[in-house]
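Position chain B relative to chain A; hints supplied.
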Amino acid sequence: MSQAATVKMIDPAESPLTPESWGKLGMWIFLAGDAMSFGGLLAGYGALRAGSADWPIPQEVLGIQLTAFMTFLLICSSVTMVKGLSAIKHGDQKGMIRFLALTIVGGVIFLGLQAYEWTHLMTAQQITLTSNPYGNYLFGTTFFIITGFHGAHVTGGVIYLTIIALKGSRGKYSAESSDSVEIAGLYWHFVDLVWILVFTFVYLI
Amino acid sequence: MAAHKEPNYMMVFVALTVLTGAEIGVVFMPMSKVVIGFILVILALAKAALVALYFMHLKYEKFALGVIALTPLFLCTLLIFALLPDLTGTKHETQRETASVSETVETK
Numbered sequence: 001m002s003q004a005a006t007v008k009m010i011d012p013a014e015s016p017l018t019p020e021s022w023g024k025l026g027m028w029i030f031l032a033g034d035a036m037s038f039g040g041l042l043a044g045y046g047a048l049r050a051g052s053a054d055w056p057i058p059q060e061v062l063g064i065q066l067t068a069f070m071t072f073l074l075i076c077s078s079v080t081m082v083k084g085l086s087a088i089k090h091g092d093q094k095g096m097i098r099f100l101a102l103t104i105v106g107g108v109i110f111l112g113l114q115a116y117e118w119t120h121l122m123t124a125q126q127i128t129l130t131s132n133p134y135g136n137y138l139f140g141t142t143f144f145i146i147t148g149f150h151g152a153h154v155t156g157g158v159i160y161l162t163i164i165a166l167k168g169s170r171g172k173y174s175a176e177s178s179d180s181v182e183i184a185g186l187y188w189h190f191v192d193l194v195w196i197l198v199f200t201f202v203y204l205i
Numbered sequence: 001m002a003a004h005k006e007p008n009y010m011m012v013f014v015a016l017t018v019l020t021g022a023e024i025g026v027v028f029m030p031m032s033k034v035v036i037g038f039i040l041v042i043l044a045l046a047k048a049a050l051v052a053l054y055f056m057h058l059k060y061e062k063f064a065l066g067v068i069a070l071t072p073l074f075l076c077t078l079l080i081f082a083l084l085p086d087l088t089g090t091k092h093e094t095q096r097e098t099a100s101v102s103e104t105v106e107t108k
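These protein sequences, in sequence, are chains A and B.
Take 1 as the starting number for the first sequence in the numbering used here and just add one per residue.
Take 1 as the starting number for the second sequence in the numbering used here and just add one per residue.
The hints are simulated quantities; they were obtained by calculation from the structure and are not laboratory data.
C-beta: ideal position from N, C-alpha, C; glycine also.
Any given hint could be a false lead.
[What the hints assert, rightly or not] Between beta-carbon pairs, the in silico distance windows are:
hint, chain 1, residue 1, chain 2, residue 2, range
1, B, Leu84, A, Thr18, 36 to 42 Å
2, B, Lys33, A, Thr18, 22 to 28 Å
3, A, Ser37, B, Phe63, 24 to 30 Å
4, B, Leu78, A, Val105, 36 to 42 Å
[Claimed, not checked] Okay, the calculated bits of chain A under chain B, using three or more residues with CB under 8 Å as the criterion:
hint, stretch
5, 48-57
6, 152-159
7, 164-178
8, 184-193
One chain only, chain B, in its complex shape:
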């Protein structure tokens, strides 16, 4: 682990708080769902990166540890693309109140 000055944890905390506030604000903005969703994902990833790099100390660790830490992000992206063919565009309706199979109505 490289010798280094301790990061300014309070600055990271302030950044995380501001980003959280921004996320709430974005939700209520008059923009399309897709754009809101895209911005939210970016904000969430930024927060996750701050926690990982500074609180979990990844910024100061060996490169190999960063590879291990980033692998789930890579694999989850693959997972999302692997699931895309299952989204056929057919939206299913379900029975309103219970999960009872006999009462489920599907419209195509």
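Pulled out of the complex, with its shape left as it was, chain A reads as follows:
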């Protein structure tokens, strides 16, 4: 950025469809495709469950209380994420780092709780990818694949946000140059959004 540029330079739009941020557009398009991946998994899960006579009732097998807390945790992490973005947009680098750190911690705790839940299901309850003493083995298959796919996304998000936080601590972002933080935020909110849907369809319904 040149010394004279204290205001973010926005090129006059070449067309009505030219975005202000190509990176943001790219992330949205990626998220739309990623949403279809989850949509495919969830639709497949729905079809398998609808065609099954011995599918267990999720609330009787899974720990709804723990998962409800995990949902609340991700919602909190989305709040800290958006507050981190707000901070850097106001030029507060330290605030951004602090809120990003909180977001990352929220994600790590979520993963820890997910690991605990998985361990409990596989050892104490004997539900695995291919077995389920409560009924249809596909219950375990779909559960682990869907929550595992989501957990992989959370892990990726934690790594992504850590990189952004490290770059931020080296002064890479500012009020004029905060797009990268916003884009990382979009990914993180997507992870939260998907979990809201997974929680509803896999645990509650």
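Positioned in the frame of chain A, the structure of chain B alone reads:
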């Protein structure tokens, strides 16, 4: 991006928390599964909309971005309808403990 006042993130957070609590409450209500399921879907979509509109800033973005964001919802709805013919009403029983094909019992 239109210049606008920053949304009240804490209000959105409170709304999301209340909706999450409502979802848990609905599960244990003495209503038919279909009605519970329907209400849960509405609550989940409401939460997703709040996250998308306010946290992901969609409310303040260009219309074209909203089209991109809503496309998966449209396509997933199509997907559900595309799968409906595969639900024949025949409910399959499976062997209780393993996925071993030789032991799978199917009743029609």
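Requested in this report: Starting from the hint list further up, note which numbers the structure goes against and sort them upward.
Outcome: Numbers 2, 6, 7, in rising order.
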